[in-house]
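Asks: Starting from the known structure of chain A, arrange chain B on it as the hints suggest.
Residue-level listing of the chains:
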Amino acid sequence: MSDLIDDPAPGQNMPEYTVSEISGAVKRTLEGEFGRIRVRGEVGRVFRARSGHLYYDVKDDRNVLACTTWKGQIARLSVEPEEGLEVVVTGRLTAFGAQSKYNMNVEEVAVAGQGALMALLEKRKKALAAEGLFDKERKRPLPFLPEVIGVVTSPSGAVIRDILHRLRERFPRKVLIWPVAVQGTACAPEVARAINGFNALTPGGALPRPDLLIVARGGGSVEDLWGFNEEIVARAAAASAIPLISAVGHETDTTLIDFTSDHRAPTPTAAAELAVPVRLDLLTQIESQGGRIRTAARNGIARRQQRLADLARGLPRHDTLLSGPRQRLDIASDRLPAALIRGVQHRRLRLSELSGSLRPVTLARLLAANRTELQRLSLRLSPALERGLRTRRELYENQSARLLPRTLEAQITRERVRLDTLSRRLSRCGTTWIEALRGRIEAHDRLLATLGYEATLRRGYVVVRERGNLVTTCTAAAQAALLEIQFADGRLNVGPQSSPAPRPRKTPSPEQGSLF
Amino acid sequence: MSDTPVEKLSFEEAMKELESVVNQLDHGDVALDRSIALYERGAALKKRCEDELKRAEEKVAAITLDNDGNPTGTAPVEGN
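As they're listed, the protein sequences go chains A and B.
Numbering-wise (our numbering), the first sequence opens with residue 1 and increments by one.
Numbering-wise (our numbering), the second sequence opens with residue 517 and increments by one.
Just chain B, with the same shape it has in the complex:
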């Protein structure tokens, strides 16, 4: 169990740690107070992952270029 706040973890890191927490709890050979801490960490990790999955938003933009082909900004893409 790492001490990194769950908000600092990437989705993939959070997933991996959640799996490790579940495995440790499943094995059932952890001390009671530690298992409580693990449970809390697991719940936080799950929430972090869920938020990330719910946050999934689509935003499509095309880069606009100047005459020399350098990017100048974005324009929304429609009709997709």
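Next comes chain A alone, as it looks inside the complex:
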């Protein structure tokens, strides 16, 4: 039995896998068991590889699920995952044996609940509003009649048909359609690219540059319209130099592009109505303007004709205009010959009056009168001269009579008396003055004598001199050959041998000496 009973090595009867085998088994199990699942969580870090694949995490408060979406799948996503977004991802689990990791391949991302999406939209709205992209001043007016209209929408579907239909009804125009995806993740970049692309066209280039853009999409769920809530779309609309009408969804749907576009239309059809006026209305209007011009011009001429006629009626008739003057002419011409004759007669009468007085007697009388006057005046001439001479002579004599030496002498005597008086007063003044001066000199002299050294001599002092020079010290006196001593009553010469050593007391003090 013991032979029968093997003592097998532990685990010998368990199948043994290679690493690749077990990796494959795990992968198969995962993919089989979790072939199509939905996972709810919050998007974590998002990384787009250069290859175009998208790697991101979906997490809850404890665990993380690595997710991948391949490049080819991205376009079909309705929402591109964004960090912090609450989502429900749909796909299958798979394993990556090379790193012993499992992950989820996501084919569809849905925002978990409208609340989360709306919160995201509100956040974006606030950010763009803060940048001023919604400002009224940014909005450009739409052209009255655009030549070319650029439409950014899906080339197939009801939307473009509605727009073209309404345009044709109102005013057929040139329309350029830029085909774009209107949902999924491709939507936002394609729409932004279309708006920028239309703006990049040069006016008059191979492709005509539109005067007006319409960005349109039909109604749909919030997720369907989500592309038009993307920031790149809103920014492209704000940056568009061409006026832009946004018409996304139904009237009740408002997307981010509606805030940055120049005009928001509730529906694509309404966008077409905003884009062009009604041609027939304009034709009628033009026709009526033409009619008014014709009427106005006709009325203008008629009014002037009427006025002309009225004025013409007001003009007086030409015959009545002339009759008055003509009558005056008749009267004047009637009176003309008689007036001429009367004028001549009148002048003749005046001539005869004047010539009557023109006789030689008149002239002779005039001469006689003048002669008499001349004689009268010449008679007065010589007495007048004599009278003049006499008057002057009298004046002369009168004056010379007054010119007498006696008069002068009296004056001289008068002046001499005054001179004598004055010289007496002068000499008296001089004497008095001299007396006064003398008195003052004597007073000074007395004062001088009091103050002089000679008065001091009388009090017993002497002045010692040697050859006229003052000797003030004992030393000088000892060396002198001969001393002259001045007393009050005279001078005495003293030899050095003849006298004892001089006493300083006898010598005047330096103070006294300085008096000299």
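Mixed in with the good hints, there may be bad ones.
What the hints assert, rightly or not - Partner residues aside, some chain A positions facing chain B, computed with beta carbon under 7 angstroms: (1) Val-175; (2) Thr-284; (3) Arg-292; (4) Ile-293; (5) Arg-350; (6) Leu-354.
What the hints assert, rightly or not - Only pairs whose alpha carbons sit at most 20 angstroms apart, straight line, appear in this in silico SDA-like list of lysine to any residue: (7) Lys-524(B) x Glu-147(A); (8) Lys-27(A) x Asn-105(A); (9) Lys-575(B) x Thr-588(B); (10) Lys-59(A) x Gly-24(A); (11) Lys-532(B) x Ala-297(A); (12) Lys-101(A) x Glu-131(A); (13) Lys-575(B) x Glu-147(A); (14) Lys-532(B) x Arg-50(A); (15) Lys-575(B) x Gly-205(A).
Unchecked claim - Which bits of chain A does chain B cover? Going by a derived footprint, with three or more residues having C-beta under 8 angstroms, they are: (16) 185–197; (17) 269–283.
FYI, nobody ran anything at the bench for these hints, they're computed from the structure.
Heads up, the beta-carbon is just placed ideally off N, CA and C, and yes, glycines get one too.
Replies: The following block gives chain B in isolation, referenced to the frame of chain A:
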């Protein structure tokens, strides 16, 4: 009344000027020779606007794009 040739005016400018011409003529206080000039200008403006309205043609084309999404040309759109 501007001196710009009517061909140089946009439809909207031509419309506006036509209205102003009509108003001036309607008021009737312009001199005769000027009113004649205004009438002629008005007639030219009206013709310009009418031509523009009659010229209204529809032409719809879709832009064709290359692989990078750049426009390459247009293709006529049919069936609308």
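Asks: Does each hint hold? Answer for all of them.
Replies: Here's how the hints hold up against the structure:
1. Val-175: Given a least distance of 5 angstroms, the restraint on Val-175(A) holds.
2. Thr-284: Violated. Min distance 10 angstroms.
3. Arg-292: Holds, because the Cβ-Cβ distance from Arg-292(A) to chain B comes to roughly 5 angstroms (cut-off 7 angstroms).
4. Ile-293: With a closest approach of 4 angstroms, the Ile-293(A) hint holds.
5. Arg-350: For Arg-350(A), the interface hint is violated, since the closest Cβ of chain B sits about 66 angstroms away, which is over 7 angstroms.
6. Leu-354: With Cβ-Cβ at 70 angstroms, over 7 angstroms, it is violated.
7. Lys-524(B) x Glu-147(A): holds (15 angstroms)
8. Lys-27(A) x Asn-105(A): This hinted pair holds, its Cα atoms lying about 13 angstroms apart.
9. Lys-575(B) x Thr-588(B): holds (18 angstroms)
10. Lys-59(A) x Gly-24(A): Violated, at roughly 26 angstroms.
11. Lys-532(B) x Ala-297(A): holds (19 angstroms)
12. Lys-101(A) x Glu-131(A): violated (44 angstroms)
13. Lys-575(B) x Glu-147(A): Roughly 11 angstroms separates the two Cα atoms, so the pair holds.
14. Lys-532(B) x Arg-50(A): violated (57 angstroms)
15. Lys-575(B) x Gly-205(A): Answer holds: Lys-575(B) to Gly-205(A) is near 17 angstroms, not above 20 angstroms.
16. 185–197: holds (count 3)
17. 269–283: Since three or more residues must qualify, the claim that chain B covers the region 269–283 of chain A holds, with 3 doing so at under 8 angstroms.
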